[in-house]
Amino acid sequence: MKTNHNIVLSVEDLGKKIGKRDIVHHISFDVKEGEIFGFLGPNGAGKTTTIRMLVGLIKPTSGTVRICGHSLSADFMNAIRHVGCIVENPELYLYLSGRENLEQFARMLPDIPSERIDEVVDLVELTPRIDDLVKTYSLGMRQRLGIAQALLGNPKLLILDEPTNGLDPAGIRELRNFIRRLAKEKGISVFISSHILHEVQLMCDRVAIINQGTIVQTAAVQDLMQQETLVEWDLKPATDGRDRLGQLPYVSRVELREPSKVIAQMPRDKIAEANAHLAGGDIQVSGIRAHHPTLEDIFLELTGGPAHDETHL
Amino acid sequence: MTKLIYNEMVKMIRKKRLWVIALILLVLIPIFTYAQYRTTENAIKQLGTSNWRAILQQQIVDQQNRLASARVPEEWKSYIKLSIQQNQYYLDHDINPAAPGAPTFVRKFAEDAVSLFFPLLVVILAADIVSSEHAGGTIKLLLTRPVARWKILLSKYITLLFSVSFMLILTIVFGYLLSGIIFGYDGWSLQVMIGFNQQGEHLNVDHVQLIPQWKYILMAYGLAWFSCITVATISFMVSVLVKNTASSMGIMLAAVISGSILSQFAPNWSALKYLAFTHLSLTEYLEGQPLMLDNVTLPFSLAVLTAWSVVSLIIAFVTFSKRDVLA
Ligand SMILES: Nc1ncnc2c1ncn2[C@@H]1O[C@H](COP(=O)(O)OP(=O)(O)OP(=O)(O)O)[C@@H](O)[C@H]1O
Ligand SMILES: [Mg+2]
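Chains as they are written, first to last, in the UniProt record's numbering: chain H, 1 to 313; chain B, 1 to 327.
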């Protein structure tokens with residue numbers, strides 16, 4: 001058993017086969033207390049499948065999931081007690097009111113006083129509509145009720161599968177702030193999947209990138225962004241400059257853009273060195289601009305091409 | 001556990017399933033009452049309304065003559081005696097046997113409804129009890145609570161048992177109240193015969209006795225309850241196995257209807273007696289016209305139904321506890 005109490009969710013070598021297909025394999029990562037952990041991948045990458053294993057809806061073919069030190073497979077009750085989740089859409093009983101839905105779930109948890117229901121309803125700002133049938137709720141309201149339901153049992157870990165699906169920009173921003181606040185003020189860890197790179201960038205502390213069923217990288221969002229930078233060089237003559245940059249071992253990609261512009265992908269702290277190398281080759285450098293890469297760039301680099309998008313039927 | 005059952009009851013009620021059942025009963029019972037009324041009207045017309053007492057008295061005299069005759073076999077004599085007793089009871093209590101009261105309606109209704117009508121109502125209650133959670137996606141919420149899966153399923157099963165029992169009680173109450181408007185509310189202690197036993201061609205009347213009608217009704221509804229529970233349990237399993245509510249209802253309706261048709265259609269096909277849905281008309285054992293299947297007895301029917309229930313429950317619980325929830 002892991003002794004590190006700061007780790008709320010620990011996943012080791014998780015894999016799932018359905019029939020002969022490896023849907024996901026060799027998934028490992030840890031989520032620390034109070035951390036917002038992004039799970040980023042294109043459609044069909046295996047995010048939902050992984051999440052279903054994290055909450056015990058499907059059994060992994062290999063590997064283990066530990067929540068607050070309790071193995072999910074061996075000690076389901078004690079592990080799942082610490083989890084609140086929404087898997088895919090916030091599906092609730094449409095023929096019950098918002099409050100009745102929450103009451104249903106409260107009865108399935110140990111010792112939830114009715115004040116707790118009012119508290120979470122207030123937290124997600126659903127108080128004026130809580131006694132209406134869920135049938136009459138908008139998608140955004142259902143999403144919020146889903147979150148209220150997930151928070152009901154004071155979880156240490158919140159697992160959300162693409163929670164921004166179908167929300168408008170204002171709703172997305174609101175949700176983002178809400179989740180950041182939860183993590184900061186209540187120390188709740190949040191595991192959040194998304195296929196929108198920008199979103200993860202804004203919301204998460206760390207991110208695991210998954211593609212075709214396996215994790216291609218796990219890193220702090222900050223580190224990931226600083227690893228490599230696109231640097232724009234104004235060079236003369238440009239073609240010679242491009243070739244000379246290409247000789248450097250740490251330049252991973254170089255490309256001629258406009259007559260005098262060369263884009264190179266390289267670590268930020270090597271810019272001075274590269275500049276000296278160019279000067280040594282009689283290349284005139286009239287401008288250097290380093291871009292902050294977006295996760296999109298990183299994703300392209302890691303997965304070697306555009307995000308692999310599976311066509312869903 | 002009680003909290004889980006309470007949850008399921010809330011869902012059952014708010015889904016308006018019980019209302020549908022109540023509504024169906026409220027529509028159908030008056031129709032059946034009217035049909036029964038027409039039949040008795042006819043019977044009375046044929047017999048003549050005023051002289052039913054005279055006819056009964058004549059019958060008793062005839063029966064007493066047969067009793068005195070040496071040619072009547074001994075075992076028939078006790079039967080005839082009972083028959084006389086019954087007729088005497090009608091006379092003493094001023095009951096026209098052709099124009100029964102509400103309790104008689106309730107009894108007849110059970111006998112008619114047990115093979116098809118009750119099972120259909122049960123299917124309405126049971127078919128979506130698990131599959132609707134899959135269809136609505138709410139199964140994901142249920143199974144990610146700190147509650148064992150078998151407990152969730154058990155709470156659903158218990159709720160189903162409650163609902164089925166409630167449905168039968170509702171039938172008795174509605175049947176009594178509604179038919180009483182036309183037939184009057186008397187007749188609970190009416191004497192009815194029970195204990196016929198068909199052996200081959202012979203009607204064995206050794207065990208025939210008279211019991212008050214309320215006892216008969218209790219027994220009839222007890223047996224109807226048993227067959228309804230079997231239907232409910234099998235539907236419950238189908239509801240676990242089939243995630244689509246329409247399919248699970250369809251499968252069950254097809255099974256119930258073909259069971260009821262098959263037992264009349266091919267009574268000599270002996271494999272039929274191991275199917276559950278050919279044994280639903282348990283009340284026929286009370287009426288003394290055993291099921292049309294070969295060589296079946298009440299204990300055999302009960303055993304077949306029990307076996308089906310137990311196997312269904314095992315399959316339902318094992319699948320539900322183990323299965324991956326993928327959609
Ligand atoms: N029941 C199943 N049987 C076979 N394959 C499945 C099943 N469910 C999912 N898959 C496959 O597993 C892969 C991963 O699916 P999953 O739903 O986990 O993707 P995802 O990352 O959540 O995608 P999205 O962003 O579209 O939600 C897909 O290729 C999908 O076709
Ligand atoms: Mg998904």
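Please keep in mind that the hints were generated in silico from the structure rather than gathered at the bench.
Among the hints, erroneous ones may be present.
Restricting the straight-line Cα-Cα distance to at most 30 Å, the calculated cross-link-like pairs of lysine-lysine (DSS-like) are [said to hold, decoys possible]:
1) B:K151 to H:K17
2) H:K186 to H:K32
3) H:K135 to B:K243
4) H:K20 to B:K322
5) H:K59 to B:K45
6) H:K135 to B:K3
If you anchor each label on the Cβ, the simulated ranges turn out as follows [what the hints assert, rightly or not]:
7) B:W150 to H:D223: 41 to 49 Å
8) H:E185 to B:L26: 36 to 44 Å
9) H:R253 to B:D324: 25 to 33 Å
10) H:P110 to B:S189: 51 to 59 Å
11) H:P113 to B:Y37: 23 to 31 Å
12) B:T319 to H:P249: 52 to 60 Å
13) H:D223 to B:I158: 34 to 42 Å
Every residue, glycine too, gets a C-beta built ideally from N, C-alpha and C.
Okay, the hints, checked on the actual structure:
Proximity of K151 of chain B to K17 of chain H is assessed by CA-CA distance (about 28 Å); at most 30 Å being required, the pair is judged to hold. Pair hint K186 of chain H plus K32 of chain H holds up; C-alpha atoms about 14 Å apart against a cutoff of 30 Å. Taken as a hint, the K135 of chain H and K243 of chain B pair is honoured in the structure, with Cα atoms around 22 Å apart against an allowance of 30 Å. A distance of roughly 19 Å separates the Cα atoms of K20 of chain H and K322 of chain B; the hinted pair therefore holds under the 30 Å criterion.
Between K59 of chain H and K45 of chain B the alpha-carbon distance is near 72 Å, which puts this suggested pair outside the 30 Å criterion. With a CA separation close to 24 Å, the supplied pair K135 of chain H and K3 of chain B stays within the 30 Å bound. One distance hint, 41 to 49 Å for the beta-carbon pair W150 of chain B and D223 of chain H, holds here, with the actual separation near 46 Å. Judged by the Cβ atoms, the range 36 to 44 Å given for E185 of chain H and L26 of chain B is violated: they are separated by roughly 55 Å.
Between R253 of chain H and D324 of chain B the CB atoms are about 42 Å apart, so this pair departs from the stated range of 25 to 33 Å. Remark: the range hint 51 to 59 Å for P110 of chain H to S189 of chain B is upheld by a beta-carbon distance near 53 Å. Range check, P113 of chain H to Y37 of chain B: Cβ separation about 57 Å, and the 23 to 31 Å hint is violated. About 58 Å separates the C-beta atoms of T319 of chain B and P249 of chain H, a value consistent with the hinted range of 52 to 60 Å.
About 54 Å separates the C-beta atoms of D223 of chain H and I158 of chain B, a value inconsistent with the hinted range of 34 to 42 Å.
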